[in-house]
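J.: This is what each chain is made of:
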Amino acid sequence: MSPEFPYLPDEGVVVVQRGPEPGGVGGAYRAFGETLRGLKTTFARIIEGPVTIQYPEEKTPVYPRFRGRHKLHKFEDTGLEKCVGCSLCAAACPADCIRVVAAENDPDDRVSAGERYAEVYEINLARCIFCGYCEVACPFDAITMGHEYELADYNREDLVFTKEMLLAEPVERTPLRREGE
Amino acid sequence: MSDGWVPEIKPTDDLSAADRRRLVESMRPEDAEPVPELSEVDIPDELRERIESAMQKYPEIRSASLPALWAVQRHYGWCTPEGIRQAAAVMGVTPGYLESVATFYDLFHTSPVGRHRVLVCHNLACWLRGAEDVLDAFCEAAGVDPDEADHIGTSSEDGAVYLRGFECLGACDIAPMASIDEHYYGPLTPEEARTAVEQLRSDARPIPDKALAGRETAGGPEPEPDPRVKEGEA
Amino acid sequence: MAGQTRMLFRHVDEPGLASIDTYRRLGGYRALEKALRDIDPDELLSSLEDSGLRGRGGAGFSMGKKASFLPRGDMEKFLCCNADESEPGAFKDRELMSKNPHQLIEGIVIAAVAAGIGQAFVFIRGEYWEVADILDRAVEEAYAAGYVGENILDTGHRVELVVHRGAGAYICGEETALLDALEGKRGNPRLKPPFPAIQGLYGGPTLINNVETLSNVPHIVKNGSDWFKGFGTEQSPGTKVVSVSGCVQRPGNYEIELGIPSREIIYGLAGGPPEGHEVKAWFPGGSSAPVLTADELDLPYSFESMADAGSMLGSGSIIVADENVSIPHLALRTARFYHHESCGKCTPCREGTNWTVKMLERVISGEATPMDLDVISSVQDNIIGNCLCVLGDSMAMPVGSMVAKFRHEFEAAIEAGRDAAPRPLDESPTDVKPVPVGAAG
Amino acid sequence: MTNGEEITLVVDGVEVRAQAGMMLVDAAKHGDVEIPVFCYEPKLGQPVGACRMCLVEIEGIPKLQTACSTPVRDGMVVYTQTDRVQEAQNAVVEFLLVNHPLDCPVCDKGGECPLQDISMGWGPGKSRVIDPKRHFQKPIPLSPLIKIDRERCILCYRCVRFSQEVAEDEQLQLLERGASTFVGTFDDRPYIAPFHGNIIELCPVGALTSDAYRFRARPWDIEDAGTVCTLCPSQCNIKLTVRDERIQRVLARDNFEVDDGWLCDKGRFGYQMIESPDRITEPMIRQGGTLVPVSWEQALEAAAAGLRDAGERTAAVVGGPSSNEEGYLTQRIVRGPLGSPHVVSTYDDAVDRELLLELSRPQLAASVADIDRAESVLVLGTDPMHSMPIIDLRIRKVVRRNGTRLAVATDRPTSIDGVAEETARYSPGAMSAFVEALAAETGAEVYDRAEGELGADAERIAGILRPGSTVIVWAGEPSLAVADLAAQLDAKLLEIPAGANGRGLREVGCTPVAGPGLSETSTGLSPTDLCEALTEGDVEVAFLVNADPVRDAPNGPGWNEALQKAKFVLAISMFEDGSTKHADVVFPAESYTEKEGTVTHPDGRLQRVRPGVPHPGNARPMWEVLAELAGLLGDETGIDSAGEALAAIAQDVPFYARITEGEIGGLGVRWQEREAARNFPLAPGARPERSSVVVPTSHVGTTGGVPGASPAPASDQLQIGTYRDLWAAEVTDRSPALRFLRPTQTLELSPADAERLGLNGTPEVDVRQNGTSLRARVAIRERIRPGTAFLVDGLGDGAGALARHAVEVSAAEGGE
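Taken in sequence, the protein lines are chains A, B, C and D. Using this note's numbering, the first residue of the first sequence is number 1, and each one after it goes up by one. Using this note's numbering, the first residue of the second sequence is number 1001, and each one after it goes up by one. Using this note's numbering, the first residue of the third sequence is number 2001, and each one after it goes up by one. Using this note's numbering, the first residue of the fourth sequence is number 3001, and each one after it goes up by one.
Hint data in this document are derived by calculation from the structure and do not stem from the laboratory. Some hints could be false.
[To be verified] To be clear about the criterion: a stretch of chain D counts as covered by chain B if any three or more of its residues have a C-beta under 8 Å from a C-beta of chain B, and this derived list gives those stretches:
| hint | stretch |
| --- | --- |
| 1 | 3077-3088 |
| 2 | 3129-3142 |
| 3 | 3776-3784 |
All values derive from a computational prediction rather than experimental measurement. Don't be surprised by glycine CBs; every beta carbon is placed ideally from N, CA and C.
All chains, full assembly: derive it from the sequences and hints.
T.: As structure tokens, this is what we get:
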């Protein structure tokens, strides 16, 4: 219930303790202290130079475990594909974006190490959610998630990456971000 | 990423895809081996008689498969595919059935073997008494690889002797011993083994004085008869 | 010589015992005449049961009881004499058949008549070609003399007898595998039940007995079951032929009464190891029995005491190893035999024997570690009791017992093997190498 | 094995009710307890207990027992989860993996592999094996259809047992012993037998793989679609494996009442025909001598115009694989708006309606499962291996396991002769005479007992048939004697029709002697007369529904001429073949993997054919097309779905009354077992006192078909019988996998005749009769009756026309 106006002193009035009067060193500190602390960081960064990344001329750095576009691998010594077309990545894929059609190796013209190789290996990157399950599922470390993230395109069809595209050395390398950076 | 464990994947064999395709294309329905038509198989009379007489001894024809294979082996020296086919035609079974039986038993040879078959026992009792040296001596004399003879059996180059390290032949009393052309000989020394091979090369009867057939019971002379064991009459 | 009691081996060295005339001159075939003319089959059967004769093939089951399991009736019944004596260390049946085949034939015919069986087979191992020839001749003689065939001694009984030669497979000594082999198949053991007594050869009731067991039958019939019980122990009356082989001076068959101390057989009858050598280990019942050590030489030789010592009497074949014998090599030799003879039907035996051999080979070549000995022991445990027939157990028991009792020797063998052929421990001992994993990422 | 007595046992503390004598593995399932197995497969017969995977602990038995071979008893207490059991299970899995390569990622079985599943569920999780595994040459062809990888084999014996105890071809064997054992064939020959594809499905690891399916898909890539194979009258239940809307393989879908869970190789590998690039996928009209694709409207209009012009001078030939709906709508078009009675669905000359009714009586009909229950089986006039392969396996099964007595009476030796207790051979065309003699032998007084050889044969056969418990599996010449024989023996009949859906088509009205539901109707021309009428011009239009008379009819060349002479031919066909080359309008036909509808099994079981893959190109459901065509001709059927087509059939066929797709379900339903079976029409008129043997008149040659007598042909002649080889079929030609099985024309004759005609050692002969001549290889067969010889029908060389004729045979001139 609000008191009637005009109210009388000493009646229903709360006395508030006020701060010190402005002025003096304490006053100055109180006025600028926090600001200066903030500026300390600002000036410290000034000497580092600009942080704006001139994308797309410059690439945004990523962490080592960043999950970008997939890559397929070959053995360095024999040149055979590591992928044997087992389709486990397709089974693990929650977005159902991997399609593997396997075929039988010809011992005279071998594609992979076992009896089987992936004749068709397609990832539909338009559907991929980059969860990395395919990488986890792979028993041969044949597929890994790379660091490439510039995947926009004009056609949806172009986002279906074939085995040859996934096997090719990536054209664009993305700088790595180090720990504590 | 996997934890470093990688499934064991070996390259496929040396058969190229083209070879394999050729193999498939060469397969004709008539290459399969069902029960052969008796009229299409030419069988030596003697072999046929033996198999047929064996078939009569048993309530079921298939029981004759072991005697039939023995007959084939007698006739051809080993169980030749053609011989197996002939036996199968007489018995009215598939050749595959007989081959399956033949490969199960050690004494049937499904590949060519030497004229004289020497089985050297190298099981416990014989091994304890130096069977390995005897086998080595046999192999050396016959000029065959002891390891091969020990495991799968092998024949000398001149085709005279087939040698095989054999599991127990049931004559541990004359250990170390060997069965030569189905007769037992022992105990043998490496020296005697070498002699035996030479004799076999000339198709002579080997080391006759070592033949089991001529030996007395190993248990020593007849002990005092137990009074409880009565004489013949009931 | 002390210790021997020759009943089956009586007159064994009589020249020409294998011929029917000599056998008859020494009192042969009188038991058969008595059995056919004076005793009716039921009485015959019960006297066999009364005698307490136990199977001599290894299992030691009462022979008379086994025969009484056969169903009565007019169906075709079969008798199989198991002469597929392939157990390393055993050679008693060979001697019994080659020296005195008519004793066996007489036993077979009597047992067949007692159980109402019309068709009998002798399944003899293929390696015993000479013995089979002797047996064939004897059967021919017996047919000619009218002891076997359509109308035996004009009493109206019919027993046909066929000698069936095997072709070299230890497993055919297993009774159901023997049936398969006799039916002309691969000698694979069958599932039990149904037991052969109910459904055996060609699906008919079948009585399967060992050569030695059947050779006892004429003596029991001739002299009565009480007489027979006068020999041996209460649980296993009669004599037993013991085959002694290995590192002894006089290997051979000795017919004894069960219950005498083992030392008396090995040292007394067989002469013990050559001068200056000691018994280190011995198999009391063929190669499938767990080994015993020199400390156990004074045990009485009987079914019960051997079982109490954790081994078994089996077919009564003693193999002696002296102190020069390397136990790991002995174990490998034993395992190799069973690996070779496993029929391959059931998994634990097929793969267990195979794996054990590979591991023991590694022990000797020095590629093993003491931890592998634990794996060997555990594999033996995994085999025992899990197989279709007893072949797997037959390897697992002796090999297991050797690893348990002589573990220090195995450890020493590993060390010695490693010194002889040093190789880095981290290198895989197998020729199968996994495909290397390239650097990921 | 079970006697039906209910007992209670305790499995892992749960009370389970089961039938006494059941194997523990199966009984445990009633309590939701799964016991792992490898070698156990009830379809293969008695358990062998070889793999030792199913060890369990049973109270009161000291050793662990194999659950697959232990029959349950009342009060049995079983543990499947104790430490002891788990130890044993772990041990067995570990042992199995001692030699099994861990190459699951490349193995074709990966994902649907029992060994994987069991290792996961019951294995130790880690192997202690570091020793080398055994090596064999990697996948080598066991046959052109199957590859074997012996390294992966766990020696469970299933495939070998199949070969020995189910198919009984005994070609596949175990070789060597112990750990070296492997599965193989004699002398490394290929394993080629009509049922060998089943071993792929039986193999619990990736050791046996289908060459056609290898690496095509993983279980998670595929979808299953259940349907019915209509390549032969067996109508086996199948499961299509579909990936990317293409059939990748065909698996058996167990239905004890139909196929026992087996499939023949034709059904298993024949699916490749469906994907053949030669298939007709557009409606076409002949313009200027060639068929050109047109729109459906144009094609339907042209077809309707052609039919409308001919009216009652139209004849329809409905082929065996047609569904009931297609057959029904076809006969409805022909009988309704066109007003023609000429509808045929078989090339055998038809019986009259009374005989048809007599032989189709529901009381007489045997179900396939009746064979299992019968104490004796008579196979009459047909070799089931070629006419209905799955029955061959079933007969072998009952002979082997139930001790059923089997008699075979045929003109040509059959594949089941070996398991038969008695066999009898009669001359081609003398089946009716034989059946009469047999009926007389069983006590039918209307027939005279035969003399001589015929009488003796009949007596032998009759001797083993057990009255009251016999099934007669027959095909060939229908006669009242067959019905009389069945009546005498109180036996049941299972007729094997010529077409895959022969029975269904007959029952929905595709026969000239009866309308839908075998109702009375004006009688049309029999197939032979029809062929003649087309040639003569009395009938002008031929309407071929999934039919290729040029290939399938015995008188193929005659039909070729007839179709050529016809004014207008409308063909519904999957391929351009001998008959469509005369067609004016062609509609693309559906295969059984695209079709929706029903078929009727020879034992009266209605089954659903369901689409598993989409129609190729422009093809449309045929019931829809036919309903539209009927509409264009003035019969507004109102049928808008396959279900409505079935409802229309149910309305017109009284003994199918009120049957629905739902009722048929996945396993089918026999109409004889439904209430509506009472609506089966009764034969009009009394039964004739003495049978008038109905012999296909036009086929009767100089010597054939004369009852009781088969005069010996002249010394240089042989009497010819023909048979339709299992592989003499379009599916063999069109499926790349099966092509190697295409039979070559072969003259089979007895050793005596070969001797007599001097043909020993002659590779090829010319067979001549009355101006026609064909070339054949020579095969001498022990069991052929002297004086007779056999040729393969259905190869398109006109061999069928020689049936029952005496021919001259001479060594081929000129060679190839």
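J.: Taking the hints in turn, state whether each one holds.
T.: Each hint tested on the structure:
{"no.": "1", "hint": "3077-3088", "in the structure": "violated (count 0)"}
{"no.": "2", "hint": "3129-3142", "in the structure": "holds (count 5)"}
{"no.": "3", "hint": "3776-3784", "in the structure": "holds (count 3)"}
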